[in-house]
Amino acid sequence: MVHLQDLELTLRSSAGPVEILRGLDAEIARGETVSVVGPSGSGKTSMIMVIAGLERASGGHVEVAGQDLAALDEDGLALFRRQKVGIVFQAFHLVPTMTALENVAVPLELAGRGDAFDRAEASLRQVGLGHRLDHYPGQLSGGEQQRVALARAFAPEPDLLLADEPTGNLDGETGATVIDLLFDLRAHHGTTLLLITHDPELAARCGRQIHLVDGRIVAPQPTVALRAGGAP
Amino acid sequence: MTEGTAVSRGSRPGFPLALRLARRELRGGLRGFRVFLACLTLGVAAIAGVGTVSDAMLAGLNAEGRSLLGGDLELRLTQRETTAEELAWLEARAEVSPSTHMRAMARGLTAESRRGLVELRAVDGLYPLYGAVELAPAMALAEALDQVDGVWGAAVERRLLRRLELAVGDRVRVGEATFDIRAVLMREPDRTAQAFILGPSFMIARASLDSTGLLQPGSLIHTHYRLRLPAQTSAAELTEEIKAAFPEAGWQIRGSLEAAPGVRRFIERLGLFLALVGLTSLLVGGVAVGNAVRSYLEGKTGTIATLKCLGAPGRLVFQVYLVQVMALALVAVAAGLAIGAAAPYVVGAILGDRLGWRAVGAVYPLPLLVAAVFGLLTTLAFSLWPLAHARGVPAASLFRDLVAPLRAPVGRATWAAIALSGLLLAGLAVATAADQRLALYFVAGAVGALVLFRATGLGIMALARRARRPRDPGLRLAIANLHRPGAPTGSVVMSLGLGLTVLVAIALIEGNLGRQIERNLPEQAPGFYFIDIQPDQVAAFEETVNAVPGVTELRRVPMLRGRITAVNGRPSEDLEIPPEIEWVFRGDRGLTWSRDPLEGVELTAGAWWPTDYAGLPLVSLDAEVGELLGLGPGDSLTINILGRSVEVEIANLRLIDWSNLTINFVMVFSPGLLESAPQSQIATVKASSPEAEDAVERAVTERFANVSAIRVKEALEAVGALIADIAIALRATAAVALVSGVLVLAGAIAAGHHRRVYDAVVLKVLGATRRDLGRAFLIEYGLLGLATAAIAGLVGSLAAWLVLTEVMHMDFTFLPGAVIWTALIATAITLLLGFAGTWRALSQKAAPLLRNE
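Top to bottom, those sequences are chains V and H. Terminal number for the first sequence in our numbering: 232, no gaps in between. Terminal number for the second sequence in our numbering: 1085, no gaps in between.
Same shape as in the complex, but just chain V (with noise of 0.2 Å):
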């Protein structure tokens, strides 16, 4: 699913070139559920943002579901997006000027489904939050918004789903009962699964680790046979 060979990311900043990935190589395979995990500045985001087709690698190889992405413009990478992947972020990133329901329809508007309001709908019911679909993300608690970003993510059913700290911005109650349904979800469509996160145990649910340090994979993992389960 993920094959990356040999990847570097540079970012220019204003004291000069910064390298923030030097050299990762890792295979990630269809419905595998992978954690990534480091010290902050490690490069772990950056990692995601180059899979999710964010970020431009500098150099190597990304290739994507099949796809290499240094193959793709701009719009094609938001095509390949689209169809391939679906992405939490720790800080939601729900369009606030739009109600739960639209904000989980509009991949879905994108891809040109005619469904897009009843599949939303639906997903949204599966998260627990059929009373709120006419919500405002502002008038939504956090833990509420990350089950919307969550419901947002899935509802295209993604090859790939990359989450970017889910719980970093709960509490420990809610960031559980996020996880739970997470990996819920996960495991009702097959989805293969990159996460980032800071918690040892969240890393120990899924099926192996990739321990990124200073811009490198440290403690490479060897591919283990698929789970359909995910987590224990």
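No wet-lab data here; the hints were simulated from the structure. Each hint should be verified, as a subset may be incorrect.
Selected chain H positions facing chain V (Cβ under 8 Å, derived; list incomplete) [claimed, not checked]:
hint, residue
1, E934
2, R935
3, L998
4, G999
5, R1002
6, A1078
Stretches of chain V that chain H covers, calculated by requiring three or more beta carbons in the stretch to come under 8 Å of a beta carbon on chain H [as the list claims (entries may be wrong)]:
hint, region
7, 45-59
8, 109-123
If you want a taste of the chain H side facing chain V, the calculated C-beta under 7 Å gives, among others [as the list claims (entries may be wrong)]:
hint, residue
9, E490
10, V994
11, K996
12, V997
13, T1001
14, A1079
15, P1080
Note that beta-carbon positions come from the ideal geometry of N, C-alpha and C, so glycine has one too.
The hints should help you fit chain H onto chain V, whose structure is shown.
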């Protein structure tokens, strides 16, 4: 604390604290207020500029009144000169300089040479009593006009030389006389004060006039007697003496302050129109003020909340921000006033004395003061609402974002304050207007338009909210963007709508004026008027005209000049004459007489006299004049004809269609009285082609040296040029309103930019392409622009209809072209600005924004 007793009254924070806090807050700079400042400055500058420039022009008219009039007093006689007794009386009291004005044909010496209508000015040796004539080459006027070797001289305008293909030194014939063109007339001090000018000036010595043979009984001749008074004589007193000594003389007397009453009326009228258009741009500026204050306060919610948490009462918060808003308004007003104060100097420098007099460059405090008050009142009226919201919202809820914007009940006191500032604005607009009825219409229209545009904005949002979700995601996004909380729909519709309304109205008014001329010209209008045909020339004239192939119509009537001096025995000065028929009483009117009913006449009251009528003089009066003065058959008019007052009885009222430009008279007399008076004939001729028209003109003016040909087309071109000049002034002022509207639109788009970038990035993460986003934005702004244009088209058409039918008393024709063009412009502007504003949002890289969050 619930009792409020723990806090003593003395500890209530006062206004000085508000000032201090406001000063600290203003350290943050003027960010977010650029549109506020620009729009308010523009609006105040427009009003101040229009006021100071029109004052400067009027001051110029007053300052140069004597030279414009040609004397301290002017007595004007039509179709006659003073009697010896009258002249002796006048000369005993003042220096008298007569000059005779009439229209005549000038032509080269050969039969093939070109000919043209001129305004003949026969002046005496004293002319001009005030001011100076400028000639090229420079010489004394007497030198240019005197008889040399038996040939009189003339000074003529350059455009006549161009038209006749002549040069200084050539000879030209006027009437029976030949003149030597000795100089080009560069400047006549009294030209501006003359009535409607059709041809170039042709100045000759009064002593040479007899030799032209143009002084025929009944010819259309005006003689102006300009008086220079001795230092101790008052013009007003002498005027009364003249009236008392010669009550029947029938002369029009003017003082130097009424040198050019037509020009004065025109400036006042145009000034009023421009001031109202300027006021509209200030209203648009008001919308900008409201927007800026609202978004500024939304950005200040944290500060306000903090202040409130620290114990600041709502009143203090209100004061702190009111002080800031008014301080900014003062900056904008000062800038606007500076522009307005400079305007007379700039306009004066551009115009020079092209109009015949100079605008007086000075600082005119009154229009500046009025503009300043307009600016401050507008700021107050439009900022009170958001200020009141900030005041009334409890601290905790201020932390809410867009979904729960500043929404608190607005108290009665605020409503009252808004209403009061609105009333003061309206009152000031009416009180400072020269035509209060028009200003009242404007105020009612402006209030109506504001309400309508507000309702339209809300309506669009409500419709968008209720619209069924289209399958197309771009369209859905667009429609959703129109009604999102915090969407700029309302303010864009309001501000752009007001500016466009003015443009539509002006386009329609101008188009209708132009159409009125064009539409009537080809079908009904004659090609020529021939004037000053002597009774003994009638047969020969008709024979000459009818002999030209291509002549399709010849109509001819006798014509005299006369002035209504009293109605039912009451002097016209004492009558209350409605403005639309003032012109009838303003000076001499053409009169005619007829035995038979006029062709196609439609009577609204009374009956035509019998063909063999031979009784006391009767008159058929224009129905509009009759109805507006409440006159009908049996009432009487006193008319001064050739210095004789005649009382006539109204026999009937008659409908007149002035717009077809055929011969029409306000008053048609029964035969008898006028039959024997000295008179000339006036004729209209229609010809089938331009060649035939040229042939008629040539044939008539060749045979009858005293007959003048007025080409209707040329006369209309003069009117058309005037309308075009007025339209430029109106459009320039309207452009200020539109620029303000566009600024508000740009401001609204800029204010929403951050949110749009965020939306665009999140949507891109979800797989939206730039095309998807661009299309959504295009549809959003397209819908907004079209809806605004549609309402502006409606309101503008209504305004144009009111102005044309109620103020100008003309027909209104809806011209879809003007409205459609404006609609297209509106949509294009909204699209362009909307797209320019969002293009950056589209190309925003997603990653940095997502990282920062």
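Hint check:
| no. | hint | in the structure |
| --- | --- | --- |
| 1 | E934 | 80 Å, violated |
| 2 | R935 | 83 Å, violated |
| 3 | L998 | 4 Å, holds |
| 4 | G999 | 2 Å, holds |
| 5 | R1002 | 6 Å, holds |
| 6 | A1078 | 5 Å, holds |
| 7 | 45-59 | holds (count 5) |
| 8 | 109-123 | holds (count 7) |
| 9 | E490 | 64 Å, violated |
| 10 | V994 | 5 Å, holds |
| 11 | K996 | 6 Å, holds |
| 12 | V997 | 6 Å, holds |
| 13 | T1001 | 4 Å, holds |
| 14 | A1079 | 5 Å, holds |
| 15 | P1080 | 9 Å, violated |
The earlier numbered hints that this structure contradicts are 1, 2, 9 and 15.
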